[in-house]
Amino acid sequence: MSLIPVMFYIMAVIAIGSALYVAGSKNLMRSVFMFFATLFALAGLYVLSLADFVAVTQVVVYVGGILVLILFAFMLSGRESLAVLAQQTNRLIAVNKLPALLVALAFFGLLTYVFLNAHVDDATWLQDAAANQHIFTPQDVTINHLGVNLMTTYLLPFEVISILLLMALVGAAHLSRKEAEA
Amino acid sequence: MITLTHYLLVSAALFSIGLYVILSKRNAIQILIGIELMLNAAILNLVAFGKFDKINNGGQSFALFAIVLAAATTAVALAIVLNVYRRYKTIDPDKINQLKD
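Residue numbers (my numbering), protein chains in the order written: chain A, 1 to 182; chain B, 1 to 101.
Incorrect hints may have been included.
Stated by the list, open to error - Lysine-lysine pairs mimicking PhoX-like chemistry, simulated, CA-CA at most 20 Å apart:
1. B:K89 <-> A:K178
2. A:K97 <-> B:K95
3. A:K26 <-> A:K97
As the list claims (entries may be wrong) - Which stretches of chain A does chain B cover? Using the computed rule of at least three CB atoms under 8 Å from a CB of chain B, they are:
4. 41-52
5. 57-70
6. 96-107
7. 110-119
8. 131-138
9. 155-165
To be verified - Here chain B is said to cover these stretches of chain A; the calculated rule only asks that three of the stretch's residues, wherever they fall, bring their Cβ under 8 Å from a Cβ of chain B:
10. 2-13
11. 26-34
Treat the hints as calculated values from the structure; they're not laboratory data. Remember, it's a predicted structure, so these values are computed and weren't measured experimentally. For glycine and all other residues, C-beta sits at the position ideal for the given N, C-alpha and C.
Assemble the whole structure, with the sequences as input and the hints as a guide.
Spelled out as structure tokens, the structure:
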């Protein structure tokens, strides 16, 4: 019982720290690889919140799919232009990025204020769930139930998203095709 | 004891970092990474609240849908980035300032 908060804080520190490194690093390649660490730490947080199937999907789809795609695009889009881009941002960096930093910090302050004052832990539907034993416990097998729900309650979104994936696949293949002329 | 507020604060931090990355970077791929960070912050919230919905699995199902949507978005966006690079020889969004051929 006392190990769970420790794991949570470790995962949260890894996730936020590597995200900060992604934001602050000048080396573009290194920031892409640190994004791996963020995604893995987030998968750990999903496991701690008893959503093991979502965590596995996160690792397979994000780390296996999206990041490899990003790396491909990175290699294909000319390293020399990226190098020039990295060189010219050396001195003016603080002045350039001050507005973005201010906006992000202000937004973080606003979100923190809202979350601390919303008292989500006392929400009535959470207490109803606790009274009706609808909260996941670590002993539950979640995947069976998730699969049944995905094929019954959420069948329409499931089918719609498969059509959308097909459309995105066809569109991406069409866009990145070598054109004969222009 | 880890409560929902902890998860919400972690996701708020991730969302703000993603916002900063989107606003400050001058490389289309890094902006895409910022968008992915913000999406992940939202998915973390879905999963954290989904713990309290054992019957309908609402949070976890829609977290799965959001992950798939993010994958589709990324594929199309990277195809567009490659096309833009082929035409303009740069992927700095500030320098891509004409729509016509």
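Verification of the hints:
With a C-alpha separation of about 16 Å, the suggested pairing of K89 (chain B) with K178 (chain A) holds against the 20 Å cut-off. Using a Cα cut-off of 20 Å, the hinted pair K97 (chain A) and K95 (chain B) holds, with the two alpha carbons roughly 18 Å apart. Of the supplied pair hints, the one linking K26 (chain A) and K97 (chain A) holds, its CA atoms being roughly 13 Å apart against a limit of 20 Å. With 7 residues having a beta carbon nearer than 8 Å to a beta carbon of chain B, the stretch 41-52 of chain A meets the requirement of three or more and the stated coverage holds.
Remark: the stretch 57-70 of chain A is confirmed as covered by chain B, as 8 of its residues place a Cβ nearer than 8 Å to a Cβ of that chain, reaching the required three. Look at the stretch 96-107 of chain A against chain B: 9 of its residues bring a Cβ nearer than 8 Å to a Cβ of that chain, three or more, so the hint holds. Counting residues of the stretch 110-119 of chain A whose C-beta sits closer than 8 Å to any C-beta of chain B gives 4, which meets the bar of three, so the coverage hint holds. Given as covered by chain B, the stretch 131-138 of chain A passes the check, having 4 residues with a CB less than 8 Å from a CB of that chain where 3 are the minimum.
With a threshold of 8 Å between beta carbons, the proposed coverage of the stretch 155-165 of chain A by chain B holds, since 5 of its residues qualify and at least three are required. Against chain B, the stretch 2-13 of chain A contributes 4 residues with a C-beta closer than 8 Å to a partner C-beta. That satisfies the three-residue criterion, and the hint holds. Counting residues of the stretch 26-34 of chain A whose CB falls under 8 Å from any CB of chain B gives 3; the rule of at least 3 is met.
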